[in-house]
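*Asks:* Next come the chains, spelled out residue by residue.
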Amino acid sequence: MLVLGIESSCDETGAAVVTGDGRVLSDVVQSQVALHAQYGGVVPELASRDHLKNVGPVVREALTRASVRLADVDAVAVTHRPGLVGALLVGVQVAKGLAWAAGKPLVGVDHLVGHLFAVFLDRGEVRELPGFPFVALLVSGGHTAIYLVDAPRADAITELGGTRDDAAGEAFDKVGKLLGLGYPGGPVVDRLAATGDPTRFPLEAPMLHTKTLEMSFSGIKTRVAQLVEAGLPSGDRAEAVADVCASFQAAVVDVLVKKTLFAAEAHGVRDVVLGGGVAANRALRSRLGEAAAARGMRAFVPPLASCTDNAAMIAYAGALRAKAGERDGWDLVATSATVLPRVTRKGRGDR
Amino acid sequence: MFRGKLAALETSTALGSVALFEDGALVLEREQRVSNAHGESLLPMLDLALRDAGWKPSDIARWGVGIGPGSFTGVRIGVALAKGIHLATGAELVGVTSLDAIAAAAVGAVGAETIVAVLAAMRGEVFAQATGRIARGPTCVRIADWDAWRASLDAPEALVIGDASPIAEGTPPHARLVGRLAMTRAADDADALEPVYVRPPDITLPKSAKPKTPP
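Top to bottom, those sequences are chains A and B. Residues 1 to 351 (this note's numbering) make up the first sequence, in order. Residues 1001 to 1215 (this note's numbering) make up the second sequence, in order.
Quick caveat, the hints were computed from the structure, so don't treat them as lab data. It cannot be assumed that every hint is accurate.
Said to hold, decoys possible - Pairs of lysine-lysine, BS3-like flavour, derived with a Cα cap of 30 Å:
1. A/K346 <-> A/K211
2. B/K1056 <-> B/K1005
3. B/K1056 <-> A/K53
4. A/K177 <-> A/K258
5. A/K323 <-> A/K258
6. A/K53 <-> A/K177
7. A/K346 <-> A/K258
8. A/K53 <-> B/K1005
9. A/K323 <-> B/K1056
Given only the sequences and the hints, what does the whole structure look like? Please build it.
*Replies:* Take a look at the structure:
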């Protein structure tokens, strides 16, 4: 089986061709990061305009690199939720036009489901695969939650807990901005943290010691804002910025790793999987691996190209649906909410 | 003049429409008024139209598609669908602006040397374009400034047509008009085809980017 996948939920236009068992034949991603950088975040209308400009060449490139004709494709998969609706609908309409005109089945894919099964993508490296059930930490600029995944189907995924406010990746970017490190700040925070001293400005992620799997990343971002407002020492400002990065990153990684492994233990699960754009963070990758091993668990961290937004994971999740005989109608719409039921309510207060 | 099977789509306004032509003659047209852009309804309407005509998607050698100005989301829904169809069949694409389509409805009107096409642009503004003896636009005009803009054309005889209350009503852009114009023009580069937005995107800087006032 060959599936063409299309992704346009946020600021990456992607198209990929993947086999039914996850072999990636092509995976094209056109990033809009430079377009949005001057605004310090993704501007939805600009994102929609850019997706429409890029989607044709990106799809063509994906087919060419895979040496596949559309006629050889068995299904067209597209991200239709969650995300920016105006951005999503560009991909959805192109996929519908393609599938309809070529006489192929159309399958809509939830972006989060795509991330959760991205670990099964085969990019030609030697790899081990997790067994079901596994616990997955999905952590990106838009989402941060822990899931129990019982089988390769969307309806076999249960959210165990997530953030009450900001996504972890969002907190990374905001801290980067507070420290004057530009947008997106996450990768820069990661780089500076490696040289900083995490004990100089001690920070602790809220809800670290609660027994629930809920998380919160808004308060720690405010703590960093307070540090910045109080004035970082000007004598060694560069060093102080690196120290704040180190402390912030250590606190966030700490809570993510602790809660993920706690979830795995609570459910008697041995395999834990990392996914989402923040999986690019080197401290998170290494800490999760070490901490899992120390508990006799196995951590699976996919290659970066599978963690950040990409269309290969959409094609693969679409292949799972297509193999199960599922398909969507020509009235498929873009929706901002995920299909996965949320257990963590947003906002403050008692639960 | 294009010969063969041609299909046209128009989604710049709440009135979505499709029209099928063969050798220049209208075969059938369908329209649907929606409240939520056309993402859900456009392709089902098109699919049904082709079934009624007994056509397959691959029979269509050229597509005319409305490229605005109008609803940003509505226009993208039509253009993105057309781009997907083009990727699958290689059919030609011809983009037609909503204001050209409106003006096409007035062709043959007696004594109109200049045609002014208008379309509601929300927020107290209209999209406007003059064609004929006087050419201007497409541009965005505040309704409050309409009389001044109209006078500045120096074409008192101009026929004003379109769908922008209170300036003109009853002639929204339609796939039937898009298709007629798409027959007469050269094909566009499909990958490069973009909507005519006229208005720049509204960009609100995030709170954190604005100067903070102490409590």
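*Asks:* Next, verify each hint and record whether it holds.
*Replies:* Taking the hints in turn, this is what the structure says about them:
no., hint, verdict
1, A/K346 <-> A/K211, "holds (18 Å)"
2, B/K1056 <-> B/K1005, "holds (10 Å)"
3, B/K1056 <-> A/K53, "holds (27 Å)"
4, A/K177 <-> A/K258, "holds (27 Å)"
5, A/K323 <-> A/K258, "violated (36 Å)"
6, A/K53 <-> A/K177, "holds (29 Å)"
7, A/K346 <-> A/K258, "holds (21 Å)"
8, A/K53 <-> B/K1005, "holds (27 Å)"
9, A/K323 <-> B/K1056, "holds (26 Å)"
Of the numbered hints listed earlier, the single one contradicted by the structure is hint 5.
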